[in-house]
Amino acid sequence: MRWSYNHPEAAQYAGNVPEVDRFDAQFFKVHYRLANNMDFMARKILELTYEAIYDAGFSPEHLSGKKVGVYIGSCFSETEKSSFYVTTSRTGFAIAG
Numbered sequence: 003m004r005w006s007y008n009h010p011e012a013a014q015y016a017g018n019v020p021e022v023d024r025f026d027a028q029f030f031k032v033h034y035r036l037a038n039n040m041d042f043m044a045r046k047i048l049e050l051t052y053e054a055i056y057d058a059g060f061s062p063e064h065l066s067g068k069k070v071g072v073y074i075g076s077c078f079s080e081t082e083k084s085s086f087y088v089t090t091s092r093t094g095f096a097i098a099g
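Numbering (the working numbering), first residue to last: 3 to 99.
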């Protein structure tokens, strides 16, 4: 157990991200083994970046070859840390980046 559930600082409720297991690896040109090992937040940021480009009135094809970047700060999440060594040896894939 990571913490006492009766502790006053422990969260009483949790939010859930729907469909965290759904990701179109082929659309994003990500190998399916890597996609299966990617942290769900990494997959989600790819989807949201794509949506942001379209919401801004552009398409990826229009931006291809142009000096455009999307910059995001990130760090290891708990799920990446816990599965890093196991998944690397099993599939040959570890961290996308």
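Hints are computed from structural coordinates only; laboratory data are not their basis. It is possible that some hints are incorrect.
Claimed, not checked - With a Cα cut of at most 27 angstroms, we get these calculated DSS-like pairs of lysine-lysine:
1) K31 with K46
2) K31 with K68
3) K31 with K69
4) K46 with K69
5) K46 with K68
Hint check results:
For the suggested pair K31 and K46, the alpha carbons sit about 15 angstroms apart, so the restraint of at most 27 angstroms is met. Simply put, K31 and K68 have alpha-carbon atoms about 20 angstroms apart, close enough for the 27 angstroms limit, and the pair holds. Taking the CA atoms of K31 and K69, the gap is near 21 angstroms; set against the 27 angstroms cutoff, the hint holds. For a cut-off of 27 angstroms, the pair hint linking K46 to K69 stands: about 24 angstroms separates their Cα positions.
Taking the CA atoms of K46 and K68, the gap is near 24 angstroms; set against the 27 angstroms cutoff, the hint holds.
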